[in-house]
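There are 2 protein chains.
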Amino acid sequence: MAQKPSIPKGTRDFNPEQVAKRNYIFNTIKSKFERFGFQPIETPSFENSDTLMGKYGEEGDRLIFKILNSGDYFKDLRRNVIESGEFSVDFFEILQAINTMILLENEDLSPSEIIKNVIEVTSNLNVEDNQLLMNFFTENENEIYDFLRENKNPNIIDDFKKLINFKRGKFKKVYKDYINNLNSLDSKNSKLISEKALRYDLTVPFARYVVQHQNEIDFPFKRYQMQPVWRADRPQKGRFREFYQCDADVVGSDSLWQEVEFIQLYDEVFTALGLNGTTIKINNRKILSGIAEVIGASDKLIDFTVALDKLDKIGEEKVKEEMLSKGISEEGIKKLQPLFTLKGDFGTQINSLKSILNTSKEGQKGIEELEFINNAIATLGLKSAKLQLDVTLARGLNYYTGAIFEVSAPEGVAMGSIGGGGRYDDLTGIFGLPNVSGVGISFGLDRIYLVLEELGLFPETITKSTEVLFINFGDTEALFCLKAVKALREAGVNAELYPDKITNGKHMKKQMNYANKRNIPFVVLVGEEELKNNQFTLKNMESGTQDKVNLDTLISKLK
Amino acid sequence: MAQKPSIPKGTRDFNPEQVAKRNYIFNTIKSKFERFGFQPIETPSFENSDTLMGKYGEEGDRLIFKILNSGDYFKDLRRNVIESGEFSVDFFEILQAINTMILLENEDLSPSEIIKNVIEVTSNLNVEDNQLLMNFFTENENEIYDFLRENKNPNIIDDFKKLINFKRGKFKKVYKDYINNLNSLDSKNSKLISEKALRYDLTVPFARYVVQHQNEIDFPFKRYQMQPVWRADRPQKGRFREFYQCDADVVGSDSLWQEVEFIQLYDEVFTALGLNGTTIKINNRKILSGIAEVIGASDKLIDFTVALDKLDKIGEEKVKEEMLSKGISEEGIKKLQPLFTLKGDFGTQINSLKSILNTSKEGQKGIEELEFINNAIATLGLKSAKLQLDVTLARGLNYYTGAIFEVSAPEGVAMGSIGGGGRYDDLTGIFGLPNVSGVGISFGLDRIYLVLEELGLFPETITKSTEVLFINFGDTEALFCLKAVKALREAGVNAELYPDKITNGKHMKKQMNYANKRNIPFVVLVGEEELKNNQFTLKNMESGTQDKVNLDTLISKLK
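First to last, the protein sequences are chains A and B. Sequential numbering from 14 applies to the first sequence in this note's numbering. Sequential numbering from 14 applies to the second sequence in this note's numbering.
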């Protein structure tokens with residue numbers, strides 16, 4: 014039966030034009046990464062679950078795609094249910110068999126007939142389970158036959174009770190275990206059916222890579238990685254279940270020159286993409302900690318930053334209200350006043366921060382770092398981006414320990430951040446390599462794609478693949494053409510022959526249409542006459558002009 | 014707790030050198046694909062299970078990696094066990110509750126105490142299950158109280174029987190269903206826990222793509238695709254659970270010019286990789302069918318080809334024995350005699366085939382096709398590969414309908430095929446688009462990698478990423494250097510500054526070591542003196558020579 018084809022929600026097919034456009038972005042980023050001395054690595058699409066689970070919070074764990082173990086995972090699951098309850102499944106078989114016996118024994122059947130009936134009732138059991146049942150009968154044979162011999166006895170209930178009591182201790186335990194098993198399948202049995210999971214981001218696999226290969230790596234290690242990641246998020250506009258991340262990180266150095274480099278790298282990439290006027294926002298975790306300290310809310314750092322982050326959206330008054338409601342004191346908020354009106358260039362803002370943070374050592378360290386970076390960038394210059402201090406910037410707060418970056422698209426383009434990153438001090442600690450400082454940035458491919466599309470910044474040339482199509486008039490002409498096609502390819506021209514030959518006039522149009530639809534700029538026609546004269550008719554598909562040329566001219570015209 | 018990091022068996026990390034080498038192969042193949050007019054597409058890493066299952070045979074189905082549905086899949090599983098058996102799980106609760114009642118009723122407890130005890134026993138049930146149990150009690154309240162009121166009656170067995178009989182019809186069915194459920198979890202419930210699966214090859218997703226997007230595609234559709242696939246195969250040397258496939262296919266044309274193109278494409282790619290002396294083996298399904306026909310073994314085509322395929326390995330006699338054992342007649346095998354000694358060039362072999370196949374129409378069609386392809390290739394020429402007819406070639410027999418290709422590495426390299434492909438007549442039929450002929454080839458990336466490595470054919474330049482490292486003597490020098498780094502990058506030179514500054518003599522060595530280990534050919538030193546004179550000391554890491562140069566000279570020397 015033919016299936017109606019579709020793909021899973023949140024995933025995408027990419028057609029040739031989309032692939033070309035995506036590769037244009039990838040290649041631009043890649044060449045700049047390498048220009049800056051970053052080296053590529055790649056990690057497997059799936060990692061051991063242990064590597065990923067517990068690294069992204071509870072919500073993250075839920076969004077990780079788990080892969081079913083191969084083989085008969087259900088067999089293991091079934092066995093586990095049986096084994097963990099000692100004999101939980103067959104227990105019910107036994108109980109059922111006994112009940113059947115009770116039902117049958119009043120029908121004046123012989124013991125052997127009763128046994129036969131019991132077996133019939135349980136004949137759907139698999140070999141393994143039948144064996145368990147038979148074992149039970151063997152072990153309890155005398156008891157069962159005593160039970161059956163008292164067939165006509167109205168006090169049969171006592172025998173039944175005796176039998177049940179005999180099993181009673183186990184009964185409760187087994188029953189409990191069985192129910193618990195069913196209820197706790199999630200956590201207890203999940204390893205039985207899944208031990209691998211699809212990559213959720215590139216950062217945790219990178220940390221795993223660094224620790225695993227630490228003896229082969231020359232630190233500081235400047236790596237880049239451009240690979241897909243998968244998240245079981247609810248799909249929506251611009252949010253996919255499979256998408257690429259493009260990350261560059263340096264681990265093994267706490268030098269601030271890296272922050273300077275990353276700002277230049279952002280500027281280089283976006284300039285190369287023709288995306289002028291981006292804003293690279295920068296902040297420092299130490300500034301945020303410092304502010305929280307001076308207003309006496311160090312324990313409320315997250316509440317404080319979450320509220321501050323909303324300044325643009327909800328305004329000063331609402332932010333203050335939220336801070337109050339979170340238990341930040343009126344007095345503390347007063348101290349923040351200069352923050353709400355923090356305006357002007359980097360230097361002016363830094364000066365305001367200095368006055369706010371004059372009692373916080375950590376805050377002053379943050380200011381020092383920001384000044385270092387800003388001074389270097391001021392000396393080196395940026396091509397098209399603007400560096401802007403944004404004390405409300407707090408992305409991934411629990412993660413970053415120093416600089417925090419975020420890039421926003423040029424003004425007028427309604428798009429969230431198109432890049433972000435920061436410094437983290439102990440990423441590899443979770444895998445047993447503590448005290449390795451790292452700093453990195455990421456490019457948001459899908460959003461950059463949308464911005465370039467919106468602004469019409471994709472170069473036209475990138476979607477033009479084949480430069481010339483040879484019309485196929487018949488086998489003799491085709492072979493003649495293929496020699497020219499070969500010579501053209503040799504000269505670096507993407508060339509192809511239409512595979513099917515013209516068998517009547519209509520097919521000619523079909524071939525021309527193919528060239529048109531595929532946006533192929535030139536067509537070559539070789540009919541009887543051209544064949545005779547060893548010539549080619551070259552047609553410019555845009556202007557419609559035609560020239561009769563020899564092979565050398567053909568090559569030089571298309572090269 | 015620190016975890017000892019590792020990756021799943023059968024998967025690989027790729028370090029910068031390996032990525033560079035792999036990309037060299039990818040880029041070479043890609044540029045030739047595009048030179049020949051193929052366009053890239055990409056499909057999602059996972060497809061709906063329905064799209065993949067049943068397309069690769071039973072063994073293939075087993076080797077497909079399935080992805081667990083997100084959310085509480087076990088909840089669905091549990092619910093299904095309960096629902097499909099009407100009330101199979103709570104049935105056992107009920108049975109248990111009744112048994113508990115029987116046990117308790119002789120202990121002179123009041124009905125309410127008995128109920129309380131039953132509830133205690135079942136207190137481990139979750140809310141849902143408790144609700145089901147309570148529903149049962151409510152629905153059967155009178156029956157239960159009748160049962161309990163007859164507490165002191167020695168004939169209690171009758172009441173018990175009455176109750177059991179009341180449920181008896183359901184009992185058997187429920188019990189059977191429950192056991193069946195446990196036994197058939199694999200097929201029946203697998204959808205509940207998994208509806209997506211990782212791509213197993215590129216061919217089936219391509220067929221799905223063609224059918225799904227048929228209205229947007231201009232046929233004949235020449236597409237290439239280079240993406241990873243996943244197989245739950247037992248990992249072994251050279252066989253991985255995640256590996257790339259590089260495929261080019263044309264669908265929508267049955268022109269033999271495509272076969273001619275693909276042979277040239279193989280030749281172009283392997284020549285570009287420096288891998289001279291490959292053998293492109295070709296056969297045709299119609300030849301095999303024809304031979305089977307003339308020896309009267311059309312119904313034994315597969316047995317016949319499987320045996321013939323072993324000619325190289327086990328020799329003529331053993332092949333004949335195998336054929337006999339499969340029921341191919343002595344007489345038929347006699348007719349095959351010329352096949353066993355099929356030698357010489359393409360033309361000579363074709364002539365032998367003509368005599369064998371002179372009574373088979375299909376066989377003659379196969380010969381015609383082979384001759385067409387061979388004549389075209391003879392005219393066009395191959396750069397470094399050799400085209401060879403191999404009538405024993407039968408890969409993917411059930412799949413291919415015309416040409417069959419396989420490429421073997423140059424003689425002396427112990428490696429299986431490094432590429433293969435063929436023509437298939439109805440790939441898209443399974444998705445509802447019949448009668449679309451296709452032909453395609455595939456490149457075996459991992460094997461090509463191993464061959465290039467063995468023969469030392471990777472160009473040295475591809476693993477050299479950074480061309481010049483600036484030694485970091487301190488912040489002032491670093492900023493001075495970064496200006497030069499920026500200018501060099503602008504000129505297309507991959508340049509970087511060592512991030513950490515020298516704080517004592519030892520660190521200088523560390524920085525030089527870093528350049529050495531990373532294979533960086535030039536180092537620039539800027540100390541106090543250079544800073545004063547606006548100069549750079551350029552050191553050639555191979556020769557050890559040093560020059561003092563200004564910025565312009567530095568750029569021109571490194572460009």
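Among the hints, erroneous ones may be present.
The following residues of chain B were derived to be distant from chain A, with all beta-carbon distances above 10 Å [to be verified]:
{"hint": "1", "residue": "Glu208"}
{"hint": "2", "residue": "Val273"}
{"hint": "3", "residue": "Gly290"}
{"hint": "4", "residue": "Lys331"}
{"hint": "5", "residue": "Leu470"}
{"hint": "6", "residue": "Lys530"}
With a Cα cut of at most 30 Å, we get these calculated DSSO-like pairs of lysine-lysine [stated by the list, open to error]:
{"hint": "7", "chain 1": "B", "residue 1": "Lys356", "chain 2": "B", "residue 2": "Lys331"}
{"hint": "8", "chain 1": "B", "residue 1": "Lys34", "chain 2": "A", "residue 2": "Lys43"}
{"hint": "9", "chain 1": "B", "residue 1": "Lys561", "chain 2": "A", "residue 2": "Lys514"}
{"hint": "10", "chain 1": "A", "residue 1": "Lys496", "chain 2": "A", "residue 2": "Lys523"}
{"hint": "11", "chain 1": "A", "residue 1": "Lys34", "chain 2": "B", "residue 2": "Lys34"}
{"hint": "12", "chain 1": "B", "residue 1": "Lys396", "chain 2": "B", "residue 2": "Lys356"}
{"hint": "13", "chain 1": "B", "residue 1": "Lys378", "chain 2": "B", "residue 2": "Lys313"}
{"hint": "14", "chain 1": "A", "residue 1": "Lys477", "chain 2": "A", "residue 2": "Lys34"}
{"hint": "15", "chain 1": "A", "residue 1": "Lys374", "chain 2": "B", "residue 2": "Lys514"}
{"hint": "16", "chain 1": "B", "residue 1": "Lys34", "chain 2": "B", "residue 2": "Lys68"}
{"hint": "17", "chain 1": "A", "residue 1": "Lys378", "chain 2": "B", "residue 2": "Lys496"}
{"hint": "18", "chain 1": "B", "residue 1": "Lys331", "chain 2": "A", "residue 2": "Lys396"}
{"hint": "19", "chain 1": "A", "residue 1": "Lys499", "chain 2": "B", "residue 2": "Lys34"}
Hints in this document: simulated from the structure, not taken from any laboratory. Every value quoted in this text rests on a predicted model; they were computed, and no experiment measured them. Where is the CB? At the ideal position from N, CA and C, for every residue including glycine.
> When the hints from earlier in the document are held up against this structure, which numbers fail?
Replying inline: When the structure is compared with the hints, numbers 1, 2, 6, 9, 16, 18 turn out to be violated.
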